[in-house]
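Chains as they are written, first to last, in this note's numbering: chain A, 0 to 258; chain B, 20 to 307; chain C, 518 to 849.
Because the hints were derived from the structure by calculation, they are not lab data.
This structure is a prediction, so every number in the text was calculated from the model and none was measured.
Careful: at least some of the hints might be erroneous.
List time: in silico DSS-like cross-link candidates among lysine-lysine, alpha-carbon distance up to 30 Å [as the list claims (entries may be wrong)]:
#1 K159(A) - K91(A)
#2 K98(B) - K631(C)
#3 K91(A) - K631(C)
#4 K242(A) - K20(A)
#5 K201(A) - K159(A)
#6 K159(A) - K631(C)
#7 K214(A) - K159(A)
#8 K159(A) - K173(A)
#9 K91(A) - K173(A)
Take a look at the letters that make up each chain.
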Amino acid sequence: MSGILDVRSVSMNFGGLAALKEVAFSVPEGQIVGLIGPNGAGKTTLFNCLSGFLAPTAGDVLFRGTPVAGLAAHQITALGMTRTFQTSRVFKRMTVMEHMLVGAHLLQRTGFWAAALRPGWVGREEAEARARGRRTLEYFGEDLLPHLDDYAGTLSYANKRRLEIARALVAEPKLLLLDEPTAGMNPHESAEVVQLMRTIQKAGVTVLLIEHDMKVIMGVSDRIVVLDHGEKIAEGLPAEIRKNEDVIQAYMGRRHASA
Amino acid sequence: MLLQQIVNGLTQGSLYALVAIGFVIVFGTMNLVTFAHGEVYMIGAFVGYFVMSVWGLPWPVAMLLAMAAGWLLGVFTEKLAFRPMRTVGHMPPLLITIGLSIILKEAVMVTLGAENRPVPSIYEQTIRVGDSQISLLQVVIVGCVALLIVGLQFLIQGTKIGRAMRATAQDHEAAYAMGVNADRVFNIAFALASLLGGAAGVLVGIYYNAVSATMGGTAGLKGFAACIFGGLTSIPGAILGALIIGVVENLTVQYLASGYRDIIAFLVMVVVLIVRPQGLLGNKMRVI
Amino acid sequence: MPLHSFAPRRDNLAIWLPILAALAAFPLVVKNEYILNVGVLAGIYVILTTGLNITNGYTGLMSFGYAAFYGIGAYTAAILSTRYGMPFWVTFPAAGVVAGLFGVTIALPTLRLKGIFLALVTIGFQEIVFLITLNWTSLTRGPMGIPGIPPPSLGGYAFVSNRDYFYLILVLNLLMVFLVARLMGSRVGRTFIAIREDEVAAQSVGIPIFPMKVLSFVISTVMAGVAGAFFAHHARFVSADSFRLDETFVILTMLIVGGMGTLVGPIIGAIFLVIFPEAARFLSHYREIVYGAILVLVILFRPEGIAGIPGIIHSPTKKKSAAGAAPGGAAR
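Take these sequences, add in the hints, and give me the full structure.
Given below as structure tokens:
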């Protein structure tokens with residue numbers, strides 16, 4: 000089975016600790032796939048392995064048929080996969096518009112000499128990039144557009160998270176990895192994020208999503224993959240996962256352990 | 020001749036070691052770097068000059084007063100530069116100590132001039148070992164350094180404040196949670212480091228019979244090089260690095276060219292940082 | 518418009534054109550050779566401080582070996598002009614190229630280091646360059662320095678008077694400000710800033726971190742090199758002693774006092790700290806002490822300086838580990 004992303008037996012060891020054990024699944028193109036599991040299950044570690052921030056100890060990752068395990072993060076972005084982070088990683092002292100411009104870094108060509116000498120096409124490229132940035136921000140209604148010239152550090156928490164998604168989106172990725180996009184948001188804001196995901200799915204972007212908010216995950220995912228202790232313990236449609244004994248045990252067990 | 024250079028090198032190296040240990044103490048407990056350490060050393064040297072050349076008192080008095088001066092400077096610097104800036108990273112304190120080093124150096128230059136000031140010779144008798152001469156002074160100096168290091172070890176291993184320093188060096192938060200007063204530990208650590216710097220200054224003045232306002236810059240950097248060699252958090256590593264630098268410097272002067280003497284320490288520093296930034300014996304820190 | 522986001526453009530002509538006109542008129546009005554000389558010095562330091570700002574301000578690299586490249590540029594111009602009779606329009610770019618080459622050579626093994634470790638290794642290289650310059654007497658005449666450097670001459674006209682130098686450095690400054698403003702407002706500049714702000718996030722948008730750091734470093738060393746060439750042809754004498762760690766600290770202080778990460782910060786810092794010791798001659802010997810005190814006070818009470826972006830030198834010790842969760846907790 001192959002999709003836009005094939006995770007093939009990916010393992011990740013840190014010293015003696017096995018964070019991921021032969022995780023394998025596929026993300027079909029055009030779908031929204033949810034990745035869930037109790038805290039410490041290895042979800043973000045998996046994201047790091049997929050997006051080039053960690054090199055898996057073993058296994059393969061195929062993105063649109065190309066092996067990417069062990070590639071550098073910026074190379075994987077160039078192939079069409081972008082991501083957001085669990086904790087907000089906006090560029091605090093860059094404006095919202097600058098985020099949109101730098102997010103589309105790979106869609107522009109201006110290098111040192113072009114920037115210094117500024118032939119005609121540089122200005123056009125810049126104008127195009129600004130227009131593209133504005134279009135991307137329109138996905139977020141009136142949340143970010145009024146703040147085009149504001150430093151990201153001054154934005155509200157929810158806006159920072161939106162900006163991070165916008166930054167990952169402006170590069171027109173084929174696959175978007177979202178790491179807990181609704182963390183810290185109220186139900187209304189979360190619903191907007193869900194709506195956003197549906198909208199970009201219609202625009203042809205595949206989404207792999209880590210979430211703790213069960214309502215969000217169950218509501219928006221086409222498929223769900225469940226990790227626990229670094230292993231995949233279940234995979235299937237939301238309805239199936241909801242009833243899956245192993246999944247329930249994994250979450251229950253955690254609750255018992257901490258009681 | 021070779022033995023002579025090694026003896027000279029070990030003596031010089033032991034003085035670098037005192038300076039280097041100061042850096043290790045500060046970085047180990049506080050995770051911070053001071054650029055004013057060289058100037059503390061210089062002030063210690065001038066205290067030695069005043070006590071011995073101007074007031075004619077014996078050298079142990081000079082040592083005690085220089086160490087006291089170092090201690091006071093350390094307390095002051097910590098309160099001024101590090102305490103208000105501790106939580107904002109290592110750059111602001113570093114920059115403040117750069118400013119302080121400028122102030123101290125220029126203050127001495129303004130009041131006492133830039134020329135060398137003489138320090139009287141003592142213990143000029145020499146012992147012959149093979150074809151080299153070991154002066155009594157060298158023995159005394161190495162002895163002093165050794166004594167100070169032993170004293171330091173006793174302090175760190177055997178006293179309550181020493182344990183507090185070690186605990187803080189290992190894990191700030193755990194130490195704090197166990198009731199260690201971080202402010203006090205940092206203050207004492209810094210004062211201790213400066214005390215050693217002051218002692219090194221006096222001994223250098225006695226060894227070379229001269230002190231000058233500009234002697235602190237290079238000495239501080241060499242101490243740093245030794246500290247980096249050892250891994251920034253290891254006292255034995257810093258001592259080893261200092262001794263190696265001292266010996267290689269002397270061999271370079273003897274067998275290559277004297278002008279390149281100072282380059283040894285910087286080569287050590289650069290090579291260690293490029294090849295193995297955590298040094299010989301340090302923990303793997305996040306240096307890259 | 519806030520001072521720190523100022524960049525000269527067509528639409529804010531009204532602000533910078535009068536300043537430019539005043540500067541152009543300055544030597545016609547002020548005839549005092551000494552004051553003009555101070556002006557030339559300020560011009561040199563504006564280039565140096567702006568150059569350091571590229572790495573330390575915009576890209577967030579703690580580069581502390583800057584004066585070495587200034588010296589390399591100065592010595593290149595000195596040697597080429599006194600020994601090989603090269604004219605200014607050759608020595609000037611050559612100095613930049615040579616300094617840039619040294620920059621690449623030093624950048625490659627060192628730029629993977631960060632923070633204090635990068636600062637220390639650049640200091641180490643700074644001192645090594647100084648010691649080699651001092652000792653390689655056949656090339657540099659060692660401690661005697663290189664005297665007799667001719668003044669710049671372009672098309673037969675020799676720039677001998679301070680007024681000439683002033684106009685020359687003014688033109689150079691204009692060019693530099695123009696180029697830097699363009700560069701920092703472009704995709705390249707955004708790359709540098711992104712690296713400073715968050716290397717992990719910068720990677721995620723496709724920025725190759727290391728090559729861009731090297732580019733930033735090379736740009737700054739080229740600027741130091743050409744400043745050095747100008748210095749050589751102005752002072753007519755170079756000696757290794759002028760290019761030590763002390764000099765790096767002088768430039769660094771100008772950058773911090775003026776402000777990091779903006780276009781005008783380094784300009785203001787350089788002008789202020791060149792003029793201040795002259796204006797404060799009454800302080801005489803105590804000037805240097807006040808210099809150090811200014812640095813301390815700025816860091817304690819206004820770390821962003823006069824016109825810098827707040828927060829650049831701060832790096833709160835609680836840093837999250839790269840890209841989120843790694844089991845066992847990241848090393849402190």
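Do the hints match the structure? See the list:
1. K159(A) - K91(A): holds, 9 Å
2. K98(B) - K631(C): holds, 27 Å
3. K91(A) - K631(C): Satisfied, since the Cα-Cα distance of roughly 20 Å is no more than 30 Å.
4. K242(A) - K20(A): holds, 24 Å
5. K201(A) - K159(A): This hinted pair holds, its Cα atoms lying about 24 Å apart.
6. K159(A) - K631(C): holds, 27 Å
7. K214(A) - K159(A): Roughly 22 Å separates the two Cα atoms, so the pair holds.
8. K159(A) - K173(A): holds, 23 Å
9. K91(A) - K173(A): At roughly 27 Å apart (the allowed maximum being 30 Å), K173(A) and K91(A) satisfy the hint.
Violation of the numbered hints given earlier is absent; every hint is satisfied by the structure.
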